[in-house]
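The number in our numbering is simply the position in the sequence shown, starting from 1, with 8 added.
One or more hints might be untrue.
Think about it this way: if two alpha-carbon atoms lie no more than 20 Å apart in a straight line, the pair counts; the simulated PhoX-like pairs of lysine-lysine are [said to hold, decoys possible]:
1. K34 to K18
2. K28 to K38
3. K34 to K17
Simulated restraints on C-beta separations [stated by the list, open to error]:
4. A16 to A46: 45 to 55 Å
5. D43 to K18: 33 to 43 Å
6. D21 to K55: 32 to 42 Å
7. K55 to G27: 46 to 56 Å
8. D21 to Q41: 25 to 35 Å
9. A46 to S25: 23 to 33 Å
10. S47 to S25: 47 to 57 Å
11. P20 to S44: 29 to 39 Å
12. K55 to L19: 27 to 37 Å
13. K55 to K34: 34 to 44 Å
14. S47 to K17: 43 to 53 Å
15. A46 to K17: 28 to 38 Å
Derived from the structure by calculation, the hints contain no laboratory data. Cβ coordinates follow ideal geometry from the N, Cα and C atoms, glycine included.
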Amino acid sequence: MFVLLFGAKKLPDAARSLGKSMRIFKSEIKEMQSDSAASSTETPPAKPIASERVESPAPEQSPDRHTA
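Can you make the complete structure from the sequences, with help from the hints?
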């Protein structure tokens, strides 16, 4: 079937290219998995920081203010 689509001369080149692509793909997947495993063992998960709320005093009104 493939011989009819690509021709007898192009078939070995297509198979070679497909094999090379699969090797590159597999190596990239392995690299991503090793990077993921290495990063998860090096740093512990982050802990949330408990924030403290500071109440600010209400603004004071100046005594020299005249009200009518």
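Quiz item: Broken hints, numbered, in rising order?
Solution: 1, 3, 6, 10, 12 and 15
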